[in-house]
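Undergrad: The task is simple: from the sequences and hints, build the whole structure.
Listed below are the residues making up each chain.
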Amino acid sequence: MLLNPFTYHSPKTIEEASNLFGQLSRARFLAGGTFLINNLKSLKRRNLATPDHIVSLKKISGLHEIKLSSNKLDIGSMTTLDQIIQNKDIEQKYPILKQVAENIATTQIRNMATIGGNVCCRYTWAEFASCLIALEATLCFHEKGEEIKVLAEDFYKNSAKSKGILTKISINLQENANIVYQRASKTSGVDVPMLTVCIKAQIENKKIKNIFFIINDGSSFSKRDLNVESALKDAAIQELEEKAINSIDFSSYALDTDYKKDLLKAHIKYAIQKLKK
Amino acid sequence: MTTLNINKKTYNLDLYGNETLLEVLRDNLKLTGTKTACDEAQCGSCTVLIDGKSFLSCITLAKDVEGKEITTIEGLSSEEDLHVIQQAFLDNGAVQCGFCAPGFILSTKALLDKNPSPNLDEIKKSLDGHICRCGGYLKIFDAVKDASKKITNHDT
Chain C
224 MLLNPFTYHS PKTIEEASNL FGQLSRARFL AGGTFLINNL KSLKRRNLAT PDHIVSLKKI
284 SGLHEIKLSS NKLDIGSMTT LDQIIQNKDI EQKYPILKQV AENIATTQIR NMATIGGNVC
344 CRYTWAEFAS CLIALEATLC FHEKGEEIKV LAEDFYKNSA KSKGILTKIS INLQENANIV
404 YQRASKTSGV DVPMLTVCIK AQIENKKIKN IFFIINDGSS FSKRDLNVES ALKDAAIQEL
464 EEKAINSIDF SSYALDTDYK KDLLKAHIKY AIQKLKK
Chain E
219 MTTLNINKKT YNLDLYGNET LLEVLRDNLK LTGTKTACDE AQCGSCTVLI DGKSFLSCIT
279 LAKDVEGKEI TTIEGLSSEE DLHVIQQAFL DNGAVQCGFC APGFILSTKA LLDKNPSPNL
339 DEIKKSLDGH ICRCGGYLKI FDAVKDASKK ITNHDT
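As given, the protein sequences belong to chains C and E, one line each in that order.
Last residue of the first sequence: 500 (my numbering), numbering continuous.
Last residue of the second sequence: 374 (my numbering), numbering continuous.
Hints are supplied without guarantee of correctness; some may be wrong.
[Stated by the list, open to error] Some chain E residues judged to face chain C by a derived CB distance under 7 Å, without partners named:
1) Asp269
2) Gly270
3) Lys271
4) Ser272
5) Leu274
6) Ile277
7) Asp282
8) Asp346
9) Gly347
[Claimed, not checked] Below, a sample of chain C positions facing chain E; criterion: calculated Cβ distance under 8 Å:
10) Pro228
11) Ser279
12) Met335
Simulated from the structure, these hints should not be mistaken for laboratory data.
All C-beta atoms, glycine included, are put in the ideal place defined by N, C-alpha and C.
TA: Here you go:
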C-alpha cells in the first residue's frame, strides 16, 4: 500500500534536525522505521490523520556509534540492535544489553531497529526499559541547542515522554553487580513478552546489597518495585524467593488472573535462581 | 532525484518520498522477485539485502537507502547459472508455492556470508523472520545446510 503523502526530510546534523522539527507542524522522526512505517499504514487503513512531514535521523553523523571508555559506555541512539549484539565490548562488559537485544523480534528487524526507537517508542512492553533502569543509564536528549540528561528511571516514570531528540545512552561501568533478565512470552518463538523481571544486585557475604528489582507487566512502563527492594535489602541468599514473592503487591500490576500472578511468581523465582548462579 | 544502487546498477528515480523500497522495486523498476505478502513486517517475503544484511523492504522508505548497496533476488544469480543457494533450494525440495523463497534465499545468503557453517539453531535463529505458509521449513533447513556444505567445500 502506498503511504499517505508526506514530505521526507533527511538532515545531516542534530541541530538541523532539531531546527527543522521545531519549524514543521505534524512532523514525526524516523529512526529504524520498524514501528513508524507500520503505524503509518495502520493509520491510513483506518482513515486517520498521518504526519505531513517525516524527518529521518539516518544520515546524522555521530548517532550510530558505540564508545567504551574505562568506566563508561555510550551508545548512540541510532545504533541498531544488531550492532549491539555484535559488539564485543558490550558482550564482555554489559552482556545484559546483548541478551535483551537478541530477544527482540526477528533478524531483519534487529538489523533495522534502533535502541533509540525502542526507548522512545512509548510501547509499555518495549524491552530495553528494564535493563536501562537497572544499569542506571542516563538518556541524553538534544533540545533547542541544549543537552538534557534524564535518568532512565525518571524517563519511564514520566511515561517515556521524550525531551527533544535522543542522541545517546550513557551507562557507567557497574562494578561487582550481577544483572539478570527474565522474560515470559506466550510462545517459544518470536513474541513480545507478557511480563519481564530484571534484577541487579551485589552479593556480599551471601547477602544482597544495592538491589534494583524491576518488573514490567506489559501494560505499564517498567518500574522498580520498592516493596520488594525493601524486603530484600540485606536478605540472605536462601531467603530471596520467598521474601520477594511475599512482598509483591499484585494489585499494583495489571495481573487480573491467577494465571498471570503465578506467571510473575514463577519468573521471579527463575530470575533469582539466575542471580544466585 | 533519488539514486538507488540495486544489484550493482544505478537507478535515478523521481520519487515523491513516501514510497517504500518494496513499492519502488516492484512498481517502478519491475523487479518483482521481491514479494508483497503481509506488508506489515511479519512474513519476510519482502526481504532484500542492504549492505549485506537482511532488511524488510515493506517498512523501508526508498529515500532512506540512497547510497546503500541493495541486493534483490534478481541480483543473486548470473545470467547463466543459479546461485548455489538457489540451486540448493531446488535440489532439496524447499520450494513449494515459491512465494516465500526469495526472502528465505536472501536471508540465507546473509547468513552464509557471515557464518559459512552454521548449526541448525543458528540457521533457525537467522531465518526467524520468515513464514512459509506451505509449511516447508524442514526442507528449507536442509537446503541451507546443503548450500553451506557446497560453499565451504568450494572454498577449501
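Undergrad: Against each hint, give a clear statement of whether it holds in the structure.
TA: Hint-by-hint comparison with the structure:
1. Asp269: violated, 10 Å
2. Gly270: With Cβ-Cβ at 10 Å, over 7 Å, it is violated.
3. Lys271: OK, holds: Lys271 (chain E) within 7 Å of chain C, min 4 Å.
4. Ser272: Holds, because the Cβ-Cβ distance from Ser272 (chain E) to chain C comes to roughly 5 Å (cut-off 7 Å).
5. Leu274: holds, 5 Å
6. Ile277: holds, 4 Å
7. Asp282: Where the cut-off is 7 Å and the nearest Cβ of chain C is about 5 Å from Asp282 (chain E), the hint holds.
8. Asp346: holds, 5 Å
9. Gly347: holds, 3 Å
10. Pro228: holds, 6 Å
11. Ser279: holds, 6 Å
12. Met335: Given a least distance of 6 Å, the restraint on Met335 (chain C) holds.
Hint compliance for this structure: hints 1, 2 are not met, and every other hint is.
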